[in-house]
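K.L.:
Here are the chains, one letter per residue:
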Amino acid sequence: MPLVETTERGLYCRAGDFYVDPWSPVDRALITHSHSDHLRWGSKRYLTAAPNVPVLRARVGPVDVEGLPYGESQTVGGVQVSFHPAGHVLGSAQVRIERGGEVCVVSGDYKTQPDPTCASFEAVRCHHFITEATFALPIYRWPRTADVMQDFDTWWQANAAEGRTSVVCAYALGKAQRVLAELAAEHGPILVHGALQRILPLYEAAGVRLPTTAHASALSVRAAGGKALVIAPPSVLGSAWLRKFGPVSTALCSGWMRVRGTRRRRGVDRGFILSDHADWPGLCESVAATGAEEVWVTHGYTEPFARYLSEERRLNAVPIETRFTGETADEAATEAEDATDVVPAEVAAGEVP
Amino acid sequence: MRRFAQLFRDLDRTTRTSEKTAHLVRYFGEAAPADAAWALYLLTGRKLKRLIKTRALREWAAETAGVPLWLLERSYEAVGDLGETLAWILPPPESAVDQSLAAVIEQRIQPLAEASPAQQARIVREAWRVFGEYERLVFHKLIAGEFRVGVAQTLVVRALAEAVGVPAPTMAHRLAGDWQPTAEMYERLVAGDAAADDPARPYPFFLAYALEEPCRTLGEPHEWQAEWKWDGIRGQALRRGETTALWSRGEELVTERFPELQPVLDALPSGTVLDGEILAWRDDRPLPFAALQKRIGRKTVTPRILKEAPTAFQSYDVLEYEGIDQRERPLVERRALLEQIVAQVAQPRLRLSPIVPFGSWDELEQQYARARAEQVEGLMLKQRDAPYGVGRRRGPWWKWKAEPYSIDAVLLYAQSGHGKRAGLYTDYTFGVWDMRRLVPVAKAYSGLTDEEIREVDAFIRAHTLDKFGPVREVEPRLVFELHFEGIQVSSRHKAGIAVRFPRMHRWRRDKPPAEADSLETLVSLAGLHREQLHPRISRQAMLFDLGGDLDDGPTGTAADSLDQEAEAPRS
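For the protein sequence lines, the chains are A and R, in the order given.
In case it helps, the working numbering puts the first sequence at residues 7 to 359.
In case it helps, the working numbering puts the second sequence at residues 10 to 580.
Please note: incorrect hints may appear among the correct ones.
Residues from chain R that keep clear of chain A, each with C-beta distances beyond 12 Å, as calculated [to be verified]: (1) A127; (2) A181; (3) A352.
Derived DMTMM-like pairs (lysine to aspartate or glutamate); straight-line CA-CA distance at most 20 Å [unchecked claim]: (4) A:K233 to A:E210; (5) A:K233 to R:E155; (6) A:K50 to A:D70; (7) R:K56 to R:E155; (8) R:K520 to R:E490; (9) R:K476 to A:D70.
Just so you know, the hints here were simulated from the structure itself, not pulled from any lab data.
This one's a predicted model, so the numbers in the text were calculated from it and none came from an experiment.
Heads up, the beta-carbon is just placed ideally off N, CA and C, and yes, glycines get one too.
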């Protein structure tokens, strides 16, 4: 009997009687992080990494949630569980499950690049590793963040010189804060969409240092005379909200921007390759670092990654179903739309016209 | 090379014309003459030959990157661009070497032509060892003969003119025709003096936009001249002294492909350049474009093909007479001069494109309705007092294309797209009813909105019956109205016919598949009879080659047919 199994509601640990990131309400849910494809509303009791507790509450409201500091273990049913940093977004974790010396790790989403807004990924030794595969093709190899941000800086500076507002679209939870934290320099005021503004205090409370920002409105943007950097979720692209700002240059920050066609399809002026997920080398190295011989692959390019791990790395790897699986194009759209979805509905409703 | 790769990247990632111009002006301002000459050559759409089999390239790249070939192919499916796939998949360069563009082409690329496969592999691997991502991307596109950038040729010419301070029309004229990209050529090009001009040099063609508003919005009918829009190859016939030349619109010298037109060129008075259409012409009427198509691909002209598809030069404008540029004179004067020249030359293969008479817009609409019956593509409208311009411009000339053919067909197969459409199922094969079966008749991939494409893509994923490599067979449930320009008998297509330039006009959500059109309808639209479809009977089979290059992977023939539409040297 394996420690975890796939069910209609997602990954289930029978020995501990809990689900990891269930898709529908259950009695006991262990949550890796607070993006909407991992955290769903309505379960009776939630257990998550301590830094994720405020983020989770902001997402699903006042629920019964317990936080466990990274690395500390707790007995749940007949198993020991602990949370370990996944480097994905603030509060994100891998879930380690142990029973009688047998260890299974559910990665959730993870990245191996350094990110000043969250704890860095730690490889956890295990027998059975459940990995994501969002960017599991060898074309996805992230450039150095400093180089990307240098390019970003040049773009903002050139726009400011021409009086064109720079509008950058990024996930409201995680990516937006990472962009803020990584800015090389400031060439005007930084104005943020309401969806992001409500999330920033969570980062402040967690002790993440971010530059000063103000609310983005037609008034504040125009007052900056084209020098402002506006950060907003991707759903604003093509919206009336954006049209109030006068001349703009638009950009998306996403791993999908690696492929030129995806950027063109999204119709933005610039694509910056900045991802919350591990790239191909990151995925391969992480899988190897766990020492796992049994690997389940979920989310994204599951089939090619599982085949690669089986044939080239001689691992026992299989793709598993998730409700949120999709291929590149869909996933690109999901990543974009997800940004508003993460935010409590009432917040988003008040902000997006 | 790094600078040129940067230019490629800059041009690739902006859609603003002003930014593109600024990048080009800056590049030409900085580049050494030899590099600028090559850049100009490439940016104005002149291509290097394919020097390397992409199959080999994939294998070397997979090996260098340490990934299995199937995974490289899977990545290619996601990216939709082979040169790009390889550029991103290869490991970072070991050491950076920045060589000039001219040096890269002359020392690393051109030698590939004469090299053995083993030498080729060595050259390519060495390039990978020193080139960064975007240099690799450009390198791949060059050696595969597929370099393309999203800039209009006129924009490049304008930017160059601005960078070196030569008037744009002069620059356009100097760049027309055949030239070799060398430093000397570039220096001549940017010099003030035009004395060294090549006697065979053609003029830039003046091109028309499609008329989208009703013709009556053009003002007074008497200010306009109407001609049939001929379905041939736009061309310039030229004689200056002993030099004669026939140029196609792609600015390719085609004199030798049409030997029967040599007497026409020889008979022109020295210092004459005529604009017109090369048409397959027999028994006093034009043959379908497919007949001419046979002549395009061939270098050698057999007596048989000369008999089957002889050509004529249907002239409609005069650009130079007695060695003097006539382009600034109004059309009405150029026309009078043209009529005089054609009469004087008196060659049966030099024809005068007749003026289509009309007194009112109503009358012109009646003429337009006859276009299909006249075997022409529609009408051309030209302002009588306008000069002959450069490039494509709105205003003085309009093409008014005949109504396309239209059928309702059922989606049968889908393949994922390329470039902007990578990862989405966007290339479709459609069928019509034949007895109780659906037979494929057309491939199309343009005409849907992005939103519709996403919807159809989702349908395809959810209703796949079978997969053949990159192709999915789908449940025959969606009906689309297709438009196309012509129907020809074809022994190479299952249905026995091929349609020309098919595209989706709209999604017929209201129609069940049972109500889609039949092969019979298509056949009767073409004015054919069923029996003519049998491949053996169709010796006259007029093929429109929809076949793509198989070596190019999951391209889909539809993409290639678009390229043909965009690039075939036709008016």
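K.L.:
Hint by hint, say whether it matches the structure.
P.N.:
Verification of the supplied hints:
With 12 Å as the threshold on Cβ separation, the claim that R:A127 sits away from chain A holds: the shortest Cβ distance comes to roughly 26 Å. With a cut of 12 Å on Cβ distances, R:A181 stays outside the contact zone with chain A, its closest approach being about 29 Å. No beta-carbon of chain A comes within 12 Å of the beta-carbon of R:A352; the shortest separation is about 53 Å. Restraint check for A:K233 and A:E210: the C-alpha separation of about 25 Å exceeds 20 Å, so the hint is violated.
For a cut-off of 20 Å, the pair hint linking A:K233 to R:E155 is broken: about 40 Å separates their Cα positions. For the hint linking A:K50 to A:D70, the alpha-carbon distance of about 7 Å falls within 20 Å, and the restraint holds. A distance of roughly 7 Å separates the Cα atoms of R:K56 and R:E155; the hinted pair therefore holds under the 20 Å criterion. The suggested pairing of R:K520 with R:E490 holds, with an alpha-carbon distance near 10 Å, which does not exceed 20 Å.
Note on R:K476 and A:D70: the hinted pairing is violated, with a Cα-Cα distance of about 47 Å set against a maximum of 20 Å.
Hint compliance for this structure: hints 4, 5, 9 are not met, and every other hint is.
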